[in-house]
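A.B. asks: In the order they appear, the protein sequences are chains B and U.
Per our numbering, the very first residue in the first sequence carries number 55; after that it's consecutive.
Per our numbering, the very first residue in the second sequence carries number 2; after that it's consecutive.
Keep in mind the hints are simulated off the structure, nothing from the lab.
Careful: at least some of the hints might be erroneous.
Said to hold, decoys possible - Think about it this way: if two alpha-carbon atoms lie no more than 27 Å apart in a straight line, the pair counts; the simulated DSSO-like pairs of lysine-lysine are:
1. K56(B) / K332(U)
2. K332(U) / K350(U)
3. K201(B) / K96(U)
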Amino acid sequence: MKLHLRVWRQSSVEDRGRFEDYELDDVSPDSSFLEMLDLLNEQLLEQRKMPVAFDHDCREGICGMCGLMIDGMAHGPVPGHTVCQLHMRHFKDGDHIVIEPWRVAAFPVIQDLVVDRGSFDRILQRGGFISFATGTAPEANSILIPKDRVDTAMDAATCIGCGACAAACPNGSATLFTAAKIGHLGHLPQGQPERYRRVIGMVEQMDAEGFGGCTNVGACTSVCPKEIGQDFISQMNRDYLRAVLGRTGD
Amino acid sequence: MSEHGHLWQEGPELDGQVPLGAIENQWDDLRFSMKLVAPANRRHYHVVVVGSGLAGASVATALGEQGYRVSCFCFQDSPRRAHSVAAQGGINAAKNYRNDGDSIRRLFYDTVKGGDYRSRESNIYRLAQISTEIIDQCVAQGVPFAREYGGYLDNRSFGGVQVSRTFYARGQTGQQLLLGAYQSLTRQIAAGQVEMHVRSEMLDLIVVDGIARGIVVRNLLTGELRAVLGDAVVLATGGYSNVFFLSTNAKGCNATAIWRAYRRGAVFANPCYTQIHPTCIPPSGSHQSKLTLMSESLRNDGRIWVPRRPGDTRSPDAVPEPDRYYFLEEKYPSFGNLVPRDVASRNAKQVVDEGMGVGLHKNGVYLDFSEAMERLGRATIEQRYGNLFDMYHSITGEDPYAVPMRIYPAVHYTMGGLWVDYQLQSNIPGLFILGEANFSDHGANRLGASALMQGLADGYFIAPYTIGNYLAGIDQAAVTADAPEVTGAIADVRNRLSALLGIQGRRTALSLHRELGQIMWEQCGMARTAESLSTAQTQLQALREEFWNELYVPGDAGSLNQNLEFAGRVADLIELGELLVLDALHREESCGGHFREESQTADGEARRNDAEFSYVAGWTWQGEGAAPMLRREPLAFEAVRLSERSYS
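Between the sequences and the hints, there should be enough to build the whole structure, so can you do that?
C.D. replies: Here it is, written out as structure tokens:
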């Protein structure tokens, strides 16, 4: 198939950036979106031009490294998929496709489609863990966890940290990402001792990084490749409220 | 082996420094005899860790918790993305929660046998001993392992063993274990114990007076080159499956760290031990950039077949029963579709090579569930394999409930790696190698659910002791940034980057990488012969020349330049490919994942040659253009008796 691509090009953080148009022939409908970009880059190299920089690694939807806005949609038009798992058969011959990086204040563009998501790591540094040192763990089966609780924790723990939630949010909010980690650890007995300290620290950092606030739009869940639900946001807000009001003695 | 003697020089034997005494007590005895660094002194030592997967993140965490200063490097934008994240199946531990006869001794035995008797017994015994602690550790971190209704941990069984000892978190066990390790690492970063450097790539090892003292790192965003000096260097940089171009590894997985260490004198052990997984989705065209693995459990209910007549282009439902060749069921009536991984893989290759392959590119075999769906009902198949069927549908666009799946083998793990002694230290003092990057635990073949176990055992429970022991024993002057070894290593890296940029030829790194993969897969893949390997040697030499004459890399070294990073990795993979082929040529036996057609039983099974090849082959760099030196570590089997691997 033949495609008309409009791709965001930006040489550095300082560069203002602009769109550039490319024509691409002989795209296989069986190739993934990133393989289509590989093809574009091979074509650019043949023309002695700089290829388009984009982040990617596992190409099987689990590392969270890739992420693009495709026609304004985070990870493209197919729900529940990362862009590496999006195949070109979902597009038509002759399509015009606009490709941009995540547009979030807290994810500065480094080059072309590559952004800096260090803010996500820093949010987790404010309590997205269980404080315990190697060697002190009790026997694994001494911590009993009801199956439904661990299943809920797992639903949240599947977050891959790609940033699509913040990119899709009209407020550029990282609430779903933050809530997923709080939901994962908050549903487990191991996570209880630090539960309220964690929510305060992580929410503070989320705000400090320049992410916007949550207004319950729900765009985050609809683009999340792991389809993490909004109920984790409710839980985070409940925990946060309890923590700031000092009513944590449940 | 003598006829190929001109291809390498013989060197002195390697000594694994295995402690004396009964195998059950070796690790305990050694730990007691180790020297310790007093808590207040630990902050005076700096440890450099390269890689942030299960092994790298866990060792950085454990050392940080003990009070050492740690610097950790990864090329991704966050340590959470390391390729351990993609492991699906699970992690083994000898907990014996099922009361089904499991024990440390049985896990040990299964791993030695699974490795086809080409690994070091003592290391594996220790791995089995530690396995139970790993599960405790991960649960305490908040890893949401699957549970029974009573709240206790669930287990599943896995290939090659007769007990249920695998712990899992849906089909995302690697992700959950990595996030557990990442969370603990995050805590150490927040505490200031670990300094994390993302988007950074190690491009050389700094060796001073024969001792590892640091690395040269390139900041991938700014292009800045700098030396990071330390008292010990840990490489936990994963395997080299991407030498085959198409593999199940992430695109970024590369061998540059271990290859650069090899060129600085570290011994590379058993590079020819590579593992091929039979149930992957076949390539769909020349655009293909990587392959996706699907759980082997599919073979429990799917029947594998191809049309009997080569070149048959009928759609699968139009091929009547007599025209279908169920090659595994016909050739191996007792095991059928459940023959071991290597046998299933080699037979699929054979029928495809004979022109019976299916699909548009004739590069796969059918895995057909129609009979199972008739027998069990669609609902049962959905329940068992629903997520795999969805994944297949999403990637291929074909509905496996309606048409048979197409599968083909792919490379997904490398057992070889840098040589280490019992303390996970390479032959270069101060250089420790962990996880898939070392050679130590899986012999010639790795069992399922053992890679995650090894990564975490190395990182949490072995290296933190042995590195402490090393640090307590050193007495060396500080290396300064202006030492000639340091400035020399930086200059070497700078020259190499300039050389890559300076060729200005007509070939892209991607096209050269693809060509490397074709050579390796065709000549040194599932089946190898002296002839195919000699062909590979000639082709690889030509490819290396082509690379250095015809490569084109745009841009400069002073900013983010993904093509430059990639070209350097491909250059190293080509050289590694040459060593891999040499090792495969020298090992004139079949064992585990290394199948030499000249050495097989009447049934087509791998035939080992214990009399001549019961050793670890350790290769040492002897300079550009010189034949490498072969150093052998003899393998002794005292706790497990050497016997022919049989799954009948």
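A.B. asks: Against the 27 Å threshold, does the CA-CA distance of K332(U) and K350(U) hold or violate the hint?
C.D. replies: 15 Å, holds
A.B. asks: Need the status of pair K56(B), K332(U): alpha-carbon distance at most 27 Å?
C.D. replies: 46 Å, violated
A.B. asks: When you check the alpha-carbon spacing of K201(B) and K96(U), does it fall within 27 Å?
C.D. replies: Roughly 20 Å separates the two Cα atoms, so the pair holds.
Of the numbered hints stated above, the single one contradicted by the structure is hint 1.
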